[in-house]
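Keeping the supplied structure of chain A fixed, place chain B upon it in accordance with the hints.
Protein chains: 2
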Amino acid sequence: MTGAESLCETLLSNNVNVCFANPGTSEMHFVSALDRQPEMRCILGLFEGVATGAADGYARMMQRPAATLLHLGAGLANGLANIHNAKRAGSAMVNIVGDHASYHLKHDAPLTSDIVSLAKPMSHWVRRTRSAATVAEDACEAIRASREAGGQISTLILPADAAWSELPSGQKPRSPHVPAPLAVPSQDEVRDAAKAIRANGPGALLLLGGAALRGQALDLAGTISCATGVRLLAETSNQRMERGRNRVPIARIPYSVAQAQAALSDVQQLVLVGARQPVAFFAYPNMPSVLMPEGCACIQLAAPGQDVLVGLQLLAQELGIPVGAPSLRLQNEVATHPSTGPLTGAVVSRILAHYLPEHAIICDEGLTEGREFPAASLNAAPHDYLQLTGGAIGMGLPLAVGAAVACPERKVISLQGDGSAMYTLQALWTQARESLDCLTIILANRSYAILHGEMVNVGSSALPNGNAQRMLDLENPALDWTLIAQGMGVEAVQARTAEEFIRQLRAGLSAPGPFLIEALI
Amino acid sequence: MTGAESLCETLLSNNVNVCFANPGTSEMHFVSALDRQPEMRCILGLFEGVATGAADGYARMMQRPAATLLHLGAGLANGLANIHNAKRAGSAMVNIVGDHASYHLKHDAPLTSDIVSLAKPMSHWVRRTRSAATVAEDACEAIRASREAGGQISTLILPADAAWSELPSGQKPRSPHVPAPLAVPSQDEVRDAAKAIRANGPGALLLLGGAALRGQALDLAGTISCATGVRLLAETSNQRMERGRNRVPIARIPYSVAQAQAALSDVQQLVLVGARQPVAFFAYPNMPSVLMPEGCACIQLAAPGQDVLVGLQLLAQELGIPVGAPSLRLQNEVATHPSTGPLTGAVVSRILAHYLPEHAIICDEGLTEGREFPAASLNAAPHDYLQLTGGAIGMGLPLAVGAAVACPERKVISLQGDGSAMYTLQALWTQARESLDCLTIILANRSYAILHGEMVNVGSSALPNGNAQRMLDLENPALDWTLIAQGMGVEAVQARTAEEFIRQLRAGLSAPGPFLIEALI
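Protein chains in written order, with this note's numbering: chain A, 1 to 521; chain B, 522 to 1042.
Chain A extracted, bound-state conformation (with noise of 0.2 angstroms):
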């Protein structure tokens, strides 16, 4: 058996059976490998940030590590984007980076870099396997770390020499490492919580990210809050929330400063379950980092990583809520929506979010245009909702890949602005490759409307046809998403109007993806 083999063997027997592939020469005894494990499911992107995504998006909704297969430090570099995007969604994912063999490093060939300094920033674990002996166990210690902490990135390099050598005879196979169990959170930290809770009333805020914002913790909270009026708010970027009727509403803290400052005004008290202290996004001249009033408390019920299910049983527990209390449920109607007239990214969102079909998968990288599709979709059919956690655009269209692959009964639907399309396009091509049932609603604004209103903040105005206009429009030529779709095998239709809209996404729905609308707003 060969080192290759061995981590073949390794994955599959730890229960990780999806690759998202782009494989160069250094890694061809792997994939000569792969090629004869069927159980291993090997998917193609033809951009290494279309695999690192798409293993995000599986992770997301599996709660278990994909593997992505990609090609030294180069390759490593083109998926390190959607990787630091996983990171900060506290998504599992396996990397295997492929390496020269260890005694060829030394002459510098022209692929050769420095894989570990590369690798740090966006992993939480990275380690360069010795030898085709180490393989197996730096593997399932790569896994192990990938499932601490509800999950994390780890990056294993694999010299070809260690991929192709054969393990030492005798050697047996690794047993599955047990990633330790989620840390709880403490006595004290419970009893602290409810004191806090109880003493301020509305004047608290849970603020739930990660596990918190999904199914017996996420009523947990509700049922929390109906109890003892302590308000609810979601981190602004979250790895994935359960939405829709019949679930806990909850807002997010606004993006804006300006708007966080405001959501979070009358806040005395903060209690943080699975979720981070509020900063700014970005800085801004004279406006704060921190998003919390002067003087408001701050405590920690659980940390992100820890167990918020069991912080919150024992938080309700001491604030004595009996078993079975009701949780918060939306009283308010369905939101209506505009069935003619023009396009606009409010109007794609409403109308979204009224035919959105039971348990859709909703990967929201739609930005200014997409703003209004979360309230819009308060009490819409219950559905997941993945958003871009890390800033690094160009996840939305790899996250539908991953999301996809994962659930392949769920319509899964890209709410995409065509800015941020552009960046890791390329998914619509494994996206037909696989025939995932993925549609696409491309919000064609054509300009990187985010930054205009960046430039507004800063006290500027762009000139015409200057510099700045130049680098934030996406005009001159126009991107037309329904040829550059059907290019990759992707069905295509534009809309321009409410109605025409609603007919094509109705169609989109109806049938099986790939399909994608590019919405002219």
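No wet-lab data here; the hints were simulated from the structure.
Glycine included, each C-beta is placed from N, C-alpha and C at the ideal position.
Don't take every hint at face value.
[Said to hold, decoys possible] Okay, derived cross-link-like pairs now, SDA-like style, lysine to any residue, Cα gap no bigger than 25 angstroms in a straight line: (1) B/K627 <-> A/R252; (2) B/K627 <-> A/H124; (3) B/K693 <-> B/K641; (4) A/K120 <-> A/A303; (5) A/K106 <-> B/L849; (6) A/K106 <-> B/Q789; (7) B/K627 <-> A/V257; (8) B/K641 <-> A/H107; (9) B/K627 <-> A/Q268; (10) A/K120 <-> B/K641; (11) A/K106 <-> B/K716; (12) A/K172 <-> A/R144; (13) B/K627 <-> A/K106; (14) A/K172 <-> A/K195; (15) B/K627 <-> A/N286; (16) B/K716 <-> B/D635; (17) A/K106 <-> B/R773; (18) A/K106 <-> B/A824; (19) B/K627 <-> A/C296; (20) A/K106 <-> B/A818; (21) B/K627 <-> A/S117; (22) A/K106 <-> B/N978; (23) B/K627 <-> A/K172; (24) A/K195 <-> A/G229; (25) A/K120 <-> B/W646; (26) A/K172 <-> A/N17; (27) A/K195 <-> A/R144; (28) B/K641 <-> A/W125.
[Claimed, not checked] Restraint ranges, calculated between C-beta atoms of paired labels, are given here: (29) B/K627 <-> A/N476: 35 to 43 angstroms; (30) B/V811 <-> A/L463: 53 to 61 angstroms; (31) A/L463 <-> B/A701: 35 to 43 angstroms; (32) A/S186 <-> B/P985: 53 to 61 angstroms.
Leaving out everything else, chain B in the frame of chain A:
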């Protein structure tokens, strides 16, 4: 004056007047400063790898740096693969990477990452400027470093508060820093090289790299070869070769290890002229890393980044070769080409060589299918030939952008594999936006053919419909490059036969670009 304005002025006063940009929020003050500086040509790329690859192409043709503008660690990461290629090419580049305001870093906002760790593997010079007051000095240093040793990579990290803050009053503008002159070979090196050539005659090989492949230096190498019988070869991958009729014909060391060994088998004495000792691109089991035959001696006339022209002049002098002695010229006829029949990579290469316009710039990322072009074009019209230098595919189309910006009066022709084109296909949009005279020929074999070859090398053949085939083929669905290109505003056609290709090539060459031909081979 703000730090951003001072950066802008420093770049311009150092003759850095093209900026390939993909900005974000933390760069908005710099964008605003650029908006008020029309002397700076800002060129938007819809992906960072387009910006960095274009800066490489620009530097290869101008022998001076362009700036890139990138958005924090993730934006830099997206540009790293082509920065790697530029570093391996010896191209000058000044990367400006925005970052959070310095006081904001401690809050670890979502887009925060260790930019220095990411930048170092692909940069010769990295610095995070401290404040508005240090921006000009640090930018001068960055530009100076980028111009050292023929061309290097500088990465300047610009915190948002350094950009938006006012300079201390009375701070004077900085004078440009003059790069150190290129180092000149020592008398000993020249004497040893002359002795080695005299002793070995055709058993000696001048291995040329960098600036030795252009202009007077190349001609002088040919003169030395004529006079002494010393052989000439170029490195496998080069920044820029001047080739074609009435120029010294230089073959390159083949990419394949076996072919390279064969080409070098009878060399007894290697003399490096701006080149490095030849090593295999990748290691293979039971194959050598070093390509020179056992017992071959190796000396260096000039290291990469040293003054090869002066080195060759001193060498000719030492060898007693009179100024104006004849140089090597090709005697054989122009290669013929088929004018009908099926299209293959070889047919495309030979037709292109035949119709090549004078002073075209070839950006070759044709890989497997383009491998016959160099031989077919030895006696073609004079042209510049730019190659993939660092092995990080996705360089070709961006490189063409930069070359076309540098040389607007010349036709830039990309000979481009379909697989490699997908990595940075967003470059087509920039070609359209800037009306660049770029002709792209996609060699559409619909596979990672180079990796199919490598599978054979590792002793494997892919199972039908198995994982290897799924990772190495680009079929199901086939890409349609005419639709993709048109979707980005580039006129495009498909060619299925030699006669179709000839017609379309002539059309593409006679009209100003951009234009794309998908050659179905």
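| message | Tell me if the straight-line CA distance from B/K641 to A/H107 falls inside 25 angstroms. | response | Cα-Cα ~19 angstroms, so holds.
| query | Between A/K106 and B/L849, does the CA-CA distance stay at or below 25 angstroms? | reply | Given pair A/K106, B/L849 is violated - Cα atoms ~36 angstroms apart, limit 25 angstroms.
| task | Mind checking the alpha carbons of B/K627 and A/R252 for me, to see if they're no more than 25 angstroms apart? | result | holds (23 angstroms)
| field | Restraint check for B/K641 with A/W125, where alpha carbons must lie at most 25 angstroms apart | value | Between B/K641 and A/W125 the Cα gap is close to 20 angstroms, so the pair holds against 25 angstroms.
| said: Next pair to validate is B/K716 with B/D635; report whether the Cα-Cα distance is within 25 angstroms. | reply: Violated, at roughly 51 angstroms.
| message | So if I understand the rule, the pair passes when the alpha-carbon distance is 25 angstroms or less; does A/K106 with B/K716 pass? | response | Violated, at about 30 angstroms.
| message | Please verify whether B/K627 and A/N286 have alpha carbons no more than 25 angstroms apart. | response | Judged against 25 angstroms, a Cα distance of about 17 angstroms means the pair holds.
| request: Could you grab the alpha-carbon distance between A/K195 and A/R144 and see if it respects the 25 angstroms cut-off? | output: violated (37 angstroms)
| task | Sort out whether B/W646 lies within 25 angstroms of A/K120, counting only the CA atoms. | result | holds (20 angstroms)
| query | B/K627 and A/N476, beta-carbon distance inside 35 to 43 angstroms? | reply | For B/K627 and A/N476 the Cβ distance comes to about 41 angstroms; the hint holds.
| message | Between the alpha carbons of A/K172 and A/N17, is the straight-line distance 25 angstroms or under? | response | With Cα atoms ~21 angstroms apart, A/K172 and A/N17 stay inside 25 angstroms; holds.
| CA of B/K627 to CA of A/V257, is that 25 angstroms or under? | holds (17 angstroms)
When held up to the earlier numbered hints, the structure conflicts with 3, 5, 11, 13, 14, 16, 23, 27 and fits the remainder.
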